[in-house]
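S.K.: Given the sequences, and given the hints that come with them, work out the whole structure.
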Amino acid sequence: MSQNNLPEQTEKKLLYFFNNDIDPESLAKAIKQLNIVIALSKVIEDEAKYSQKENLKQGLHWLNELAEILDPYLEYKKD
Numbered sequence: 001m002s003q004n005n006l007p008e009q010t011e012k013k014l015l016y017f018f019n020n021d022i023d024p025e026s027l028a029k030a031i032k033q034l035n036i037v038i039a040l041s042k043v044i045e046d047e048a049k050y051s052q053k054e055n056l057k058q059g060l061h062w063l064n065e066l067a068e069i070l071d072p073y074l075e076y077k078k079d
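Heads up, the sequence shown stops at 79 in full-length UniProt numbering, and the numbers go up one at a time, no gaps.
It is possible that part of the hints are untrue.
[Unchecked claim] Per label pair, the in silico range of CB-to-CB distance: (1) Asp21 to Lys42: 28 to 34 Å; (2) Lys13 to Glu65: 15 to 21 Å; (3) Glu54 to Leu34: 18 to 24 Å; (4) Gln9 to Lys42: 29 to 35 Å; (5) Lys13 to Asn55: 19 to 25 Å; (6) Leu56 to Leu14: 20 to 26 Å; (7) Glu25 to Leu60: 16 to 22 Å.
I should point out that these hints are in silico values taken from the structure, not numbers from a laboratory.
Note that the Cβ used here is the ideal one computed from N, Cα and C, for glycine as well.
M.R.: Below is the structure:
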């Protein structure tokens, strides 16, 4: 398992961000909604012309992961 070390200033900013009156469930829902809007806008824009498709896929994936960490009830149910 690799370990990423964040600069001290980055860690402080992240701790401040997540420890100051942020409702994790609301943030998770907002991230999920934003993910949907980004995906839909790119599809409407004609995804075939979008040169950064792989970056878009990775970005959407990691935003969903973050949302699920913040609110596990948002996890995609795989049947």
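S.K.: State for each hint whether it applies.
M.R.: Cross-check of the supplied hints:
1. Asp21 to Lys42: 28 to 34 Å: holds (32 Å)
2. Lys13 to Glu65: 15 to 21 Å: The hinted range 15 to 21 Å holds for Lys13 and Glu65, with Cβ atoms some 20 Å apart.
3. Glu54 to Leu34: 18 to 24 Å: holds (19 Å)
4. Gln9 to Lys42: 29 to 35 Å: holds (33 Å)
5. Lys13 to Asn55: 19 to 25 Å: holds (24 Å)
6. Leu56 to Leu14: 20 to 26 Å: holds (24 Å)
7. Glu25 to Leu60: 16 to 22 Å: The hint (16 to 22 Å, Cβ to Cβ) holds, given that Glu25 and Leu60 are roughly 20 Å apart.
Comparing the model with each earlier hint shows no violations; every hint is respected.
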